[in-house]
Amino acid sequence: MGSTTLTPPKTKPPRGTRLGKPGRSGDGFGWGDGHGFSGGPGGGWSVPARAYRTGMWLALGAIVMLFAAFTSALVVRRGISNDWVPTALPRILYLNTVILAASSLTLELGRRALTADLATQFSRWLYATAGLGIAFVAGQLTAWHQLAARGVYLATNPSSSFFYLLTAAHGVHLLGGIAALAYLCWRVAGFNSSRRTAVDVTAIYWHFMTGLWVYILVLLTARF
Amino acid sequence: MEAHAVATHAHAAPTGFIRKYIFSLDHKVIGKQYYFLALFSVVVGILLSVLMRWHLVWPDARIPLLDKLSPTGAPGGIMTPEYYLSLLTMHGTLMVFFVLTTAPQSGFGNFLLPIQIGAEDMAFPRLNMLSFWVTFAGLVVLLSSFFVGDGPPLSGWTAYTPLSAVGSVAGPGEGTGQTLWVISIALFCVGSLLGALNFITTTLDLRTRGLTLMRLPLTCWAWFITAVLALLSFAVLFAAGVLLLLDRVGGTSFFVPAGLVVSDQRIAHSGGSPLLWQHLFWFFGHPEVYIAILPGMGITSHVLSTFSRKPIFGYRAMVYAMMAIGFLGFMVWGHHMFVSGMSPYVGFAFSVFTMAIGVPSAIKTFNWLGTLWGGKLRLNTAMLFAIGFVSLFVSGGLSGLFLAQPPVDTNLHATYFVVGHFHLVMGVAAIFGMFAGTFFWFPKMFGRMMNETLGKIHFWITFVGVYCIFMPMHFLGLEGNIRRYSRFTDVNFLVPLIPLHKFMTIAAFVTAGAQFIFLFNLFWSMFKGEKATENPWEATSLEWTVPSPPPFDNFAGRHPVVYRGPYEFSVPGAPKDYVMQDAPEPVAAH
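In order, the protein sequence lines correspond to chains A and B.
Going by my numbering, the first sequence opens with residue 1, and the numbers climb by one from there.
Going by my numbering, the second sequence opens with residue 225, and the numbers climb by one from there.
If you're looking for bench data, these hints aren't it; they were derived computationally from the structure.
There's no promise every hint is true.
[Said to hold, decoys possible] Pairwise CB distance ranges (calculated):
(1) B:ARG286 with A:ARG78: 47 to 57 Å
(2) A:ALA222 with B:THR634: 36 to 46 Å
(3) B:ASN635 with A:LEU95: 52 to 62 Å
(4) A:GLY190 with B:SER368: 39 to 49 Å
(5) B:GLY582 with A:GLY211: 37 to 47 Å
(6) B:TRP357 with A:THR142: 34 to 44 Å
[What the hints assert, rightly or not] With the C-beta cut set under 8 Å, the calculated list includes, among others, these residues of chain A facing chain B:
(7) ARG50
(8) THR54
(9) GLY55
(10) MET65
(11) ALA69
(12) ARG77
(13) ALA155
Just so you know, even glycine gets a beta-carbon here, dropped at the ideal spot from N, CA and C.
All chains should be built: construct the whole structure from the sequences, respecting the hints.
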């Protein structure tokens, strides 16, 4: 290549807007804008907060697919055979529903307290949420005991199979949420109004678990 | 938004052996771990296929050592029909899950995605480590079925119910072996879901400055779309696996119908639907074949462009075609079930969607050919395997158009035609993608070059060999040669086909033997190969801007900035015939 006059490449030059704008809230991360540049040289590598949100929403997407598969199995199983006898649900499930809804409320109150940097209140609401979550799980176990006392087990009927399956699958996921809440309680002093990603991501999960439980309850009780 | 940098990784290189090589958080180590896990699995899988081909043409031959592995399955070294099905199941399961799903995505993807997007690691390194070890546990559980109870299950990699749900009454291996199979697959699902979540997040949120979506190498696009498919489909397989496990051990009746009699025994379950399993399984199973092949498409695009010294033909069309394949892949699972007695109207819908996949597939094929057309071809081993990928993808894909039509499929479904189809298009095509990737990125992964002469000998034997094995299967299928049978030599109408079967078996022996050339080349080059330079292929993407092998944090504290797309080869006026992605304007400055 002896030529000294260079013609520009055919591709468009990068548009300025696509490059990270240094002034934008410390760093313009993700979306090809670069990420985690705020640390400066030697500041270590950082994952932008939005990655944790993205990851959580993706996890919820997978959980949606899991329960969509269970739902379609339930609809098919109920529809194709004549051995489906509806299982009368223990009443404590409705109390459990109220408890879980209350836990979502207390978590939101906690997040408001965190926004206002009210550390004591934040920690109280956080413990209340975890306590209500544990109460919900205890209530679900009570419901299992009541059903078992009536002689209704996993294999008694397809409807009871789905009852135990769906409550167990939801319960296992909720225990994950309780573990996250326990972690937040343990590290409660480390959060404030500007350092709170773990709190917000846990809240997304927890509210989703509440909504999922309401969906399961409707699925188990609805006659269609 | 509130806090930005929540977790500053203590990103110093670990020094202890265990944190460095076993429980490593480094995406490069994890990528290699996945690669070697798949390599081990493919060796076992090929060995099983050789044993099956051996048995098919010489059913009374005594196979050495086989009676040591299973005294009941192969008394005196002669395989029972049930043991043939056990090997078939293990071959399919190992190959589909632990090879085709593992190496192209989790292996190469893990090693290269962060480097190609200018990041220091995956978004969630701990999840990454967890997903590998969960997958590893799945492999151990699967292989353990060789050594416990009556051996591995008989039900194939699809584990069709009700026979997979009723326990040991359905045959040897259907007791403990089938339960272990379900647990293994459930573990694999968890590992894949964690991996998919990590891949998507990393691609969306960790790209470096200037690396817009439409400047991503096509490899990254392929890994991204594959991860989306995996996220949406493995959760469904997991659900199906839980239901199957409950039917097996919990006494439920999700998949077992009423009044079922197996081996003269009445099964106590009632009211379930065997077809429900098929729907759930194939809702996963069809996207799965694209999970296997899409990364190979990405690798092929990347390699073809590099060694044609031309930009990829129709970059955007390639991206949108992969998206279309991924999207349509979720609408076609019913074409695996044309013979299940489904409504012809439903079958018609599945058929139309299936044939529609031919459109984006053809777009990709013609774009590959367009990339090659008029290029300054560098026919090294990686390039040969990429061209081989295109060849196999076309050969195997065309028979897919036959099978997409319910009346044709009804005749061919249970025959070797289907076996030939999916082995070419999904099996060996994807494996050629892995070979292309291995030869292309070996310098980056291990800092040395592989031997080109050995590579080319290996390529030609393998390329001719796989055609000799799998093309005749189409003719066998048209002649009505049923698949899954362990013995044809006594079947009158199949006896004239035995010479063809013998030819395929010999081809399989030769092709399998040729893989030792590859294994030798791989391990010899790791220690004795010529030292690799930073950019031996004169390629443009970011992994070729860092040393071979890359330092622990990939860019040694540097944050690369990307100014252009990944395939700027033979740019008029540029000083060299390639322009790196991080070469700033003007071109002359590079």
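Hints and how they fare:
For ARG286 (chain B) and ARG78 (chain A), the hinted distance range of 47 to 57 Å is satisfied, since their beta carbons lie about 53 Å from each other. Between ALA222 (chain A) and THR634 (chain B) the Cβ separation comes to about 38 Å, which falls inside the hinted range of 36 to 46 Å. Checking the proposed 52 to 62 Å range against ASN635 (chain B) and LEU95 (chain A) shows it holds: the Cβ atoms sit about 59 Å from each other. Our hint of 39 to 49 Å for GLY190 (chain A) and SER368 (chain B) holds, since their Cβ atoms are close to 43 Å apart.
The given range of 37 to 47 Å is respected by GLY582 (chain B) and GLY211 (chain A), whose C-beta atoms sit roughly 40 Å from each other. A hinted range of 34 to 44 Å for the beta carbons of TRP357 (chain B) and THR142 (chain A) is consistent with their spacing of about 36 Å. Because the smallest distance between the Cβ of ARG50 (chain A) and any Cβ of chain B comes to about 6 Å, under 8 Å, the interface hint for this residue holds. Hint status for THR54 (chain A) relative to chain B: holds, with the closest Cβ pair at about 5 Å, below 8 Å.
For GLY55 (chain A), the interface hint holds, since its Cβ comes within 8 Å of a Cβ in chain B; the closest pair sits about 5 Å apart. Checking MET65 (chain A) against chain B: minimum C-beta separation of about 4 Å stays under 8 Å; hint holds. With a least beta-carbon distance of about 4 Å to chain B, the hint placing ALA69 (chain A) at the interface is held under the 8 Å criterion. Against a cut-off of 8 Å between C-beta atoms, the interface hint on ARG77 (chain A) holds, since the closest Cβ of chain B lies about 6 Å away.
About 3 Å separates the beta-carbon of ALA155 (chain A) from the nearest beta-carbon of chain B, less than 8 Å, and the hint is met.
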